[in-house]
Structures are given as C-alpha cells and as structure tokens.
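A.B. asks: So the protein lines, in turn, are chains A and B.
Using my numbering, you'd call the opening residue of the first sequence number 2 and step up by one each time.
Using my numbering, you'd call the opening residue of the second sequence number 919 and step up by one each time.
Hint data in this document are derived by calculation from the structure and do not stem from the laboratory.
We put the beta carbon where it would ideally sit given N, CA and C, even for glycine.
Treat the hints with care, as some may be off.
Listed below are the simulated EDC-like cross-link pairs for lysine to aspartate or glutamate, each with C-alpha atoms no more than 20 Å apart in a straight line [stated by the list, open to error]:
(1) B:LYS923 x A:GLU45
(2) B:LYS933 x B:ASP997
(3) A:LYS79 x A:GLU15
(4) A:LYS79 x A:ASP57
(5) B:LYS960 x A:GLU45
(6) A:LYS25 x A:GLU12
(7) B:LYS986 x B:ASP1002
(8) B:LYS960 x A:GLU12
(9) B:LYS923 x B:ASP949
Listing some non-contacts, in silico: residues in chain A with all C-beta distances to chain B over 12 Å [stated by the list, open to error]:
(10) VAL5
(11) GLN7
(12) THR21
(13) SER32
(14) GLU45
(15) ASN51
(16) ASP57
(17) PRO85
(18) THR105
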Amino acid sequence: DAGVIQSPRHEVTEMGQEVTLRCKPISGHNSLFWYRQTMMRGLELLIYFNNNVPIDDSGMPEDRFSAKMPNASFSTLKIQPSEPRDSAVYFCASSSYDLAEEETQYFGPGTRLLVL
Amino acid sequence: QQQVKQSPQSLIVQKGGISIINCAYENTAFDYFPWYQQFPGKGPALLIAIRPDVSEKKEGRFTISFNKSAKQFSLHIMDSQPGDSATYFCAASESGGSYIPTFGRGTSLIVHP
Chain A
2 DAGVIQSPRH EVTEMGQEVT LRCKPISGHN SLFWYRQTMM RGLELLIYFN NNVPIDDSGM
62 PEDRFSAKMP NASFSTLKIQ PSEPRDSAVY FCASSSYDLA EEETQYFGPG TRLLVL
Chain B
919 QQQVKQSPQS LIVQKGGISI INCAYENTAF DYFPWYQQFP GKGPALLIAI RPDVSEKKEG
979 RFTISFNKSA KQFSLHIMDS QPGDSATYFC AASESGGSYI PTFGRGTSLI VHP
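Chain A with its partners taken away, still in its complex shape (with noise of 0.2 Å):
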C-alpha cells in the first residue's frame, strides 16, 4: 500500500482565497483524522471521522473549516476563506480498529499551507 496520500504538499495562496486539503486514507482503514501542527500549539485534532461519518469536530478552529468523506477512499478540509494564522502543516491519519495495531495511527507527508 502506498500509505495515505496528501495533496497537494505545499500551498502559498493568499488570504481570503479557498483552499482544499486532500486525502487518500490507507485502503482497508475505517477511521480518518485530520490534524494541524504548528510550533506554538503541537499536533491539533480537527476532526476525525468513522466510516465515513464525522464523529468530533470540536477541533475545528472556526466556521471558516469544514471537512467532508464522501466515501472511504476520500477526504477533503477546506478553509474559506483563509487568514494568515492558519498557515500550518495539515496531516492526514488513517486507522483501522478491526486490526490487531488497533490504535495506531498512520499519517501522510502532510500539507505544508502558506497564507499570505
């Protein structure tokens, strides 16, 4: 398995514009996470879903985030519009509780977002 996909890597866009986050989760895995890392506040949970379904988005900073999976193989974090303090590295993480690794989380390269 080529292990869970981001897209795109880097993003320089400038504030107000939409952006979309992308995500392919390992195949097979039921649980989906999207996290924010910055250096002042570490790795942040958004959201994080279940079979497709969100299961907690108290993690989402404002209106201005929304995520959705449309199906197992998919998902997408938008921000609109987009400030410069969301500017952070965004991760994906799959996981699967059928599994015996039942906790471990498994991220992607990540987003690297520049908002200017």
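Place chain B on chain A using the hints.
C.D. replies: Frame of chain A, contents of chain B only:
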C-alpha cells in the same frame, strides 16, 4: 487542558549517548501509550508503544519505561545516532473510550556526530 505533558521541549545529545524523553498523563483511563517519531518534512510514524500491564518494553535501541502509579512514561534511546535526530511525540489513548490519542507537545532531538 493538556492531558499529556512532555519534556523536554528540545534535547541535544552526543553520538553514543542516551536520550531520555519524559511524559506524564492525568487520565487514569488511558491504557495505550505510543511514541511517534517525525522526521523533517514527514508525518509522524509509530516508533514503539506500551500497555500498562508491563513496566518496560524494548525494541532495539528504543525502550519505553512505564510507571503506572506515577502516571509517567518515558522513552530511552540508547547509543543515540545522528539518524535519530527527529521530533518525538508521546501519546495516550483509552481503548474502551474514544480511542483517540492525546499527543504531547513533542521533543526535538538533535544528536551530534
């Protein structure tokens, strides 16, 4: 509320030395304690994990020590190598609960050659 406190924030060690990173947790329901390793430009990856039924787990040069009564656990890297230079995150989760890991803030380790 930070449920998993990790220290130190940064660590510099000479090649061949021992690196020690400590974590403390508050939620006594946590029963799975993984450590993740993150290299620059990459996502975190599971390094080693422990459950509270054992006090120590060793995999190669990496050892987790677990103290249930003190609610603390630590990562020891023996014979540290420059290739170990990375950011290390401890985490804790509750199998019977939400199973979502709570991560520490991370420790940036630099091993000098």
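A.B. asks: Confirm or reject each hint.
C.D. replies: Consistency of the hints with the structure:
For the hint linking LYS923 of chain B to GLU45 of chain A, the alpha-carbon distance of about 14 Å falls within 20 Å, and the restraint holds. Proximity of LYS933 of chain B to ASP997 of chain B is assessed by CA-CA distance (about 7 Å); at most 20 Å being required, the pair is judged to hold. In summary, the hint linking LYS79 of chain A to GLU15 of chain A is supported, as the alpha carbons are separated by about 15 Å, within the 20 Å threshold. This hinted pair checks out: LYS79 of chain A and ASP57 of chain A have alpha carbons roughly 16 Å apart, not beyond 20 Å.
Among the hinted pairs, LYS960 of chain B with GLU45 of chain A is consistent with the structure: their alpha-carbon atoms are about 16 Å apart, no more than 20 Å. Note on LYS25 of chain A and GLU12 of chain A: the hinted pairing holds, with a Cα-Cα distance of about 17 Å set against a maximum of 20 Å. With a C-alpha separation of about 27 Å, the suggested pair LYS986 of chain B and ASP1002 of chain B falls outside the 20 Å cut-off, and the hint is violated. Restraint check for LYS960 of chain B and GLU12 of chain A: satisfied, since their Cα atoms lie roughly 16 Å apart, inside the 20 Å limit.
Pair hint LYS923 of chain B plus ASP949 of chain B holds up; C-alpha atoms about 16 Å apart against a cutoff of 20 Å. Once the 12 Å rule is applied to beta carbons, VAL5 of chain A is inconsistent with being away from chain B; the minimum gap is 7 Å. Not every CB of chain B is more than 12 Å from the CB of GLN7 of chain A (nearest about 8 Å), against its label as outside the interface. The non-interface label for THR21 of chain A is consistent with chain B: the shortest C-beta to C-beta separation is roughly 19 Å, beyond 12 Å.
A beta-carbon of chain B is positioned within 12 Å of the beta-carbon of SER32 of chain A; the least distance is around 9 Å. Not every CB of chain B is more than 12 Å from the CB of GLU45 of chain A (nearest about 9 Å), against its label as outside the interface. The Cβ of ASN51 of chain A sits about 10 Å from the closest Cβ of chain B, inside the 12 Å cut-off, so the non-interface label is violated. Against the 12 Å criterion, ASP57 of chain A falls within the reach of chain B, whose nearest CB is about 7 Å from its own CB.
With a least CB separation of 22 Å from chain B, PRO85 of chain A remains clear of the 12 Å interface cut-off, as annotated. With a minimum CB-CB distance of about 5 Å to chain B, THR105 of chain A fails to clear the 12 Å threshold, and the non-interface call is violated.
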